[in-house]
Amino acid sequence: MSHSVLPMTVNRGGDVAVAAAALTVRLGRQPVLHALDFALPAGQITGLLGPSGSGKTTLMRTIVGAQRISAGTLTVLGRPAGTPSLRREVGYVTQSPSVYPDLTVEANVRYFGAMHQKGKADVAEAIAAVGLGPVGRRKAADLSGGQLNRVSLACALVAHPRLLVLDEPTVGLDPVLRADLWDRFRAMAKAGTTLLVSSHVMEEASRCDTLLLLREGRLLAQLTPAELSECGHSSNLEQAFLSIIREQEASDGGSPPKEAVTGSGDSGVTGQHRSVR
Amino acid sequence: MDVRMMLATARRVLSQLRHDRRSIALILVVPALLLTAVYFLYENETLPPGMPRTFDRVGLMMLAIFPFVVMFLVTSITMLRERTSGTLERLLTTPVHKADLLFGYGVAFSLMAALQSMVATAVAYWVFGLDIAGAPGYVVLIAVINAILGVALGLFCSAFARTEFQAVQFMPVVVVPQILLCGLFVARDRMNGFLEAISNVLPLTFSVDALQEIAAHAEATARLWQDAGVMAAISLGVLVLAALTLRRRTA
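Top to bottom, those sequences are chains A and B. Letter by letter, the first sequence follows residues 1 to 277 of my numbering. Letter by letter, the second sequence follows residues 1 to 251 of my numbering.
Simulated from the structure, these hints should not be mistaken for lab results. Here a beta-carbon is modelled for each residue, glycine too, at the ideal position from N, C-alpha and C. Incorrect hints may have been included.
[To be verified] Label pairs and their in silico Cβ distance ranges:
hint, chain 1, residue 1, chain 2, residue 2, range
1, B, F185, A, A128, 55 to 63 Å
2, A, Q30, B, A243, 25 to 33 Å
3, A, A128, B, A222, 58 to 66 Å
4, A, R246, B, R18, 50 to 58 Å
5, A, E125, B, E219, 54 to 62 Å
6, A, A128, B, L14, 20 to 28 Å
7, B, G229, A, D174, 53 to 61 Å
8, A, E125, B, L28, 32 to 40 Å
9, A, A141, B, P49, 57 to 65 Å
[To be verified] The calculated lysine to any residue pairs, modelled on SDA-like cross-linking and capped at a C-alpha distance of 25 Å, are:
hint, chain 1, residue 1, chain 2, residue 2
10, A, K120, B, V107
11, B, K98, A, S85
12, B, K98, B, L111
13, B, K98, A, R68
14, B, K98, B, R247
Turn these sequences into a full structure, and let the hints steer you where they fit.
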């Protein structure tokens with residue numbers, strides 16, 4: 001505990017949308033998430049960062065209720081993850097676009113909207129929000145990869161979720177679209193939506209309010225982008241993240257840490273500081 | 001269970017199919033072509049007086065077997081795609097009830113099956129003069145129940161396939177034994193006891209029995225309704241089993 005001390009600061013005094021306490025998930029017998037403690041502030045964008053294979057997707061699937069919890073607790077919008085009523089309020093966009101390629105853009109969004117009793121106006125709004133209005137009547141299969149990603153996003157937006165979980169939503173998008181989408185996410189957060197966005201593009205981290213740094217299923221830190229560059233001694237967030245990982249590897253001799261996060265055992269988050277070995 | 005979500009699902013499945021014109025054509029035309037083949041296969045048979053044509057027996061049974069086979073294949077592939085593309089997992093994170101999904105599939109493909117069997121039955125009656133005592137409406141009814149059975153089995157079997165290739169391999173396992181033992185090739189009372197016992201519990205057996213009732217009687221008999229009821233019950237049971245294979249949360 002004498003080495004690097006990373007802050008685990010989060011929203012100072014705000015509401016919590018998702019709270020995890022000692023959250024552990026195993027896939028089969030393989031532990032994938034190790035006793036995570038974190039809280040996602042409501043109405044903010046939280047970035048979930050980490051190398052591929054670090055457990056980002058598993059964590060997201062657990063939050064949306066698609067993955068069973070092995071130990072610990074996970075509270076989503078005040079209810080245990082997986083509670084049926086949450087399905088009305090949580091939106092999930094998977095990493096690979098999960099839409100029907102043989103349907104038009106409109107038909108895809110209309111169908112997912114129907115699952116939430118949303119009508120024509122919501123469908124048109126969701127399609128416009130991702131900039132696909134001009135191709136609304138085209139079959140999804142005929143669209144480019146980036147457009148397909150946005151169809152998938154529109155299928156989640158149409159439900160107006162209170163919590164939106166996005167797994168690498170900007171992969172394959174050109175810089176202009178990427179900026180557009182992040183502006184969209186920001187506007188949604190301003191309107192009260194809580195967003196959890198995974199990415200391995202570190203430049204996107206600066207767009208988030210808070211960051212969860214995940215590595216090998218352990219939480220390295222929860223901090224703001226500013227704190228990340230401070231702790232990683234670099235204004236380049238990618239450099240900062242790398243140096244935090246290297247620091248950590250050096251401190252535990254290259255082997256995966258036994259316990260990444262220590263500190264106060266409660267899951268309350270306001271103003272709390274935690275250290276990372 | 002929410003009827004709107006079920007209808008939305010049925011509508012979605014149908015519009016997926018609508019974009020696939022070639023499949024629609026195959027579904028509607030192939031049974032009629034195969035019936036034509038069966039007709040000409042037995043064209044030159046010599047019959048003792050009073051003996052019904054083989055076409056009247058075999059052609060009639062084929063009217064019930066087509067929708068079963070076709071809908072089994074179409075459903076198991078469509079559902080497998082849904083499982084592997086991630087759309088199923090995504091759907092199960094929405095408020096949709098599993099029953100809405102499964103019955104949505106059932107409604108959509110039964111509509112297709114009804115169309116299919118109407119075309120095939122019309123060809124059998126008007127082109128080849130299918131000669132049976134009962135009304136063609138009952139034949140279509142049994143064909144549609146068979147289609148629902150095919151849909152239910154297809155939904156269920158798709159859970160055990162990882163790829164479309166595997167899904168197709170379930171046809172010899174699930175469908176072919178039923179066709180062999182349903183009474184089409186050998187009358188069931190002339191099978192050996194073991195095969196007859198298996199035949200007695202296979203769903204397709206009941207539809208062939210029902211069709212024989214339709215062929216022999218001008219009016220619907222109690223046995224026809226009993227057969228139809230058993231098939232509907234089996235279909236429902238398999239749909240429930242299929243629902244159990246849809247997991248909202250993976251372990």
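Hint by hint, work out which the structure violates, then give me just those numbers in ascending order.
none
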